[in-house]
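Asks: Construct all of the structure, not just a fragment, from the sequences and the given hints.
2 protein chains.
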Amino acid sequence: MLAVVGAGSWGTTIASLLAPRAATLLWARSPELARSLEDRRENEQYLPGVRVPDTLEVTADLKRAVSDAEFVFMAVPAQGFRDVLVALAPHAGADSAVVILTKGIEAGSNLRMSEIVAEVLPGIPAGVLTGPNLAQEIAAGQPAASVVAFASTELAQRVQAYLHTGTLRVYTATDVTGCEVAGATKNVMAIAAGICDGLGFGGNTRAALITRGLAELARLGTALGGHPLTFGGLAGVGDLMATCTSARSRNWSVGFSLAGGRPLADVVASTSMVAEGVNAAAPLALLARQHGVEMPIVEQIAAIVQGRVSPRDALASLLLRPARDELDEIFQSGLPAD
Amino acid sequence: MLAVVGAGSWGTTIASLLAPRAATLLWARSPELARSLEDRRENEQYLPGVRVPDTLEVTADLKRAVSDAEFVFMAVPAQGFRDVLVALAPHAGADSAVVILTKGIEAGSNLRMSEIVAEVLPGIPAGVLTGPNLAQEIAAGQPAASVVAFASTELAQRVQAYLHTGTLRVYTATDVTGCEVAGATKNVMAIAAGICDGLGFGGNTRAALITRGLAELARLGTALGGHPLTFGGLAGVGDLMATCTSARSRNWSVGFSLAGGRPLADVVASTSMVAEGVNAAAPLALLARQHGVEMPIVEQIAAIVQGRVSPRDALASLLLRPARDELDEIFQSGLPAD
Chain D
1 MLAVVGAGSW GTTIASLLAP RAATLLWARS PELARSLEDR RENEQYLPGV
51 RVPDTLEVTA DLKRAVSDAE FVFMAVPAQG FRDVLVALAP HAGADSAVVI
101 LTKGIEAGSN LRMSEIVAEV LPGIPAGVLT GPNLAQEIAA GQPAASVVAF
151 ASTELAQRVQ AYLHTGTLRV YTATDVTGCE VAGATKNVMA IAAGICDGLG
201 FGGNTRAALI TRGLAELARL GTALGGHPLT FGGLAGVGDL MATCTSARSR
251 NWSVGFSLAG GRPLADVVAS TSMVAEGVNA AAPLALLARQ HGVEMPIVEQ
301 IAAIVQGRVS PRDALASLLL RPARDELDEI FQSGLPAD
Chain Y
1 MLAVVGAGSW GTTIASLLAP RAATLLWARS PELARSLEDR RENEQYLPGV
51 RVPDTLEVTA DLKRAVSDAE FVFMAVPAQG FRDVLVALAP HAGADSAVVI
101 LTKGIEAGSN LRMSEIVAEV LPGIPAGVLT GPNLAQEIAA GQPAASVVAF
151 ASTELAQRVQ AYLHTGTLRV YTATDVTGCE VAGATKNVMA IAAGICDGLG
201 FGGNTRAALI TRGLAELARL GTALGGHPLT FGGLAGVGDL MATCTSARSR
251 NWSVGFSLAG GRPLADVVAS TSMVAEGVNA AAPLALLARQ HGVEMPIVEQ
301 IAAIVQGRVS PRDALASLLL RPARDELDEI FQSGLPAD
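Chains D and Y, in that order, are what the protein sequence lines are.
Each residue of the first sequence is one higher than the one before, counting from 1 in the numbering used here.
Each residue of the second sequence is one higher than the one before, counting from 1 in the numbering used here.
Source of the hints: derived by calculation from the structure; they are not laboratory data.
Only true hints are included.
Covered by chain D, per the in silico footprint, the following chain Y stretches (three or more residues, Cβ under 8 Å):
#, region
1, 139-147
2, 199-211
3, 236-242
Here are some, though not all, of the chain D residues that point toward chain Y, as calculated from beta-carbon distances under 7 Å:
#, residue
4, Pro143
5, Phe201
6, Val237
7, Met241
All of these numbers come straight from a predicted model, not from anything done at the bench.
C-beta: ideal position from N, C-alpha, C; glycine also.
Replies: Below, the structure written as structure tokens:
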């Protein structure tokens, strides 16, 4: 039995991929959404136009969802992650494992999702599913590739077997920390890329911004214990590329709207979906400072979110930094000197 | 005195950036183009709509262009690079240096441009200017970043000083080989990305393809002596990102047209510009085999160019490879184990 906790677009997509392989329960917080999904076989709110498999069961009963689950796929927003985990903790099996689909950081604690699992469900292994995975495209059956990372390769391979299909290629990895840092940080970079595009800059400007964004992500990721090569793979470059160049990305869309002059509160209020980069920017900036890592793009996005600088001024300040030796600068405190 | 040899879009753009800083001579192969550029201050054939500085001199006389040049910026297509270099060799000063703007491989010899310089102008230092630099955007004054790589940092810094402006940030580097391999290979990847987009695949598919393209580029680059980190910087990820996601990229456009069913000969004949990836694919595939490096994307594009496979079948064969451990697979013979 598999459980997917959270019936947003990504949770619904993953549940739909799992259901043909194994009995799968999808938990929706809202009983109305659960009922509508059960009845109509479509998530009209978060994944309209996509039919979910007939074998997928949907419930608003968290206990029922997770009680017999071999894997609990967590697909709730980062700021609600802990509460849901606390609520399901009494019902989770001792030999279950958590697969984190959420790409964010908990504000206040500055914790990654796997650290929250370690606090709330000590002893339960936590892994990450990540990569360039815009939900609508996966749901539409477009070819894509993902990474599932667990400290235990055996666990990663079990998840791989459930998810790997003709169109979704799932790779295994062991670097949970690196994958998490990459996933949270790329959302912030996508806001920056959206601003860049929204201000009318071209492909060169965006490519330079994303390249430096990748270096920030790798610097923080390695400082926190991630493996340098993770950032060159699907969880790093790959996810960054998809999220920063697609109008389907929520975070890119937030940046694009901000560049057009819309206030952040308006942009955020205009959708029921969560753009994790908005909440992750300030915690990531704090983490970077704590670890002595320079993350100028993250700092500027945090300043925008906090209303301290305009998108235009933020981008200008990034573009006006003096140039030095490239590798000295972009990898200064990240990848090994080698 | 500076010389820019080749008056295509990129040569004209760089000459226009240099002319306000130092006396600059732009060499055009065609006397008509040279005259028209001198008279109208616009390269109507290769960079229409952009006014070149009044101080830029244009000539079709190669001897005049290079005789007193401190730096000779080479901006001719890869397959004509050697011939032009041989023609200018008798006139080049003994203490001049070559800055390579060409991103390609010489067919037949499989040599990089710096290796051709070493053969034709022994003792003359050769460096590379590279990065995410779509000519039209640079010419339009859009913010961008470049890398200039010379074995000698002092030479790189002199070029940096000539080119660095408020909108173009020029970084120095020492890894000439890595920059060259990245520049030649990303053009092949751009053809693949264009095919991917032209076949109607989405952002996930393209991101996965480009991520694996980056790994190919890094594998070959390190096998040939490049520095692993080069491929994570502007010359690698940055250039790949710009070239693979912009309709302004010639190589992307070739791939996009091929996906639509146009024969390669038609596509190539329809423009006076050279898409270097078309000529680089087969030589890079040979180099990869010689060095025992797997480059499945380059192999498939070479097969398309040689008419051995259709774009659709080539992409299908790339997407259907079995998935393993990600880092084992994508970095198998490239980046150092740790």
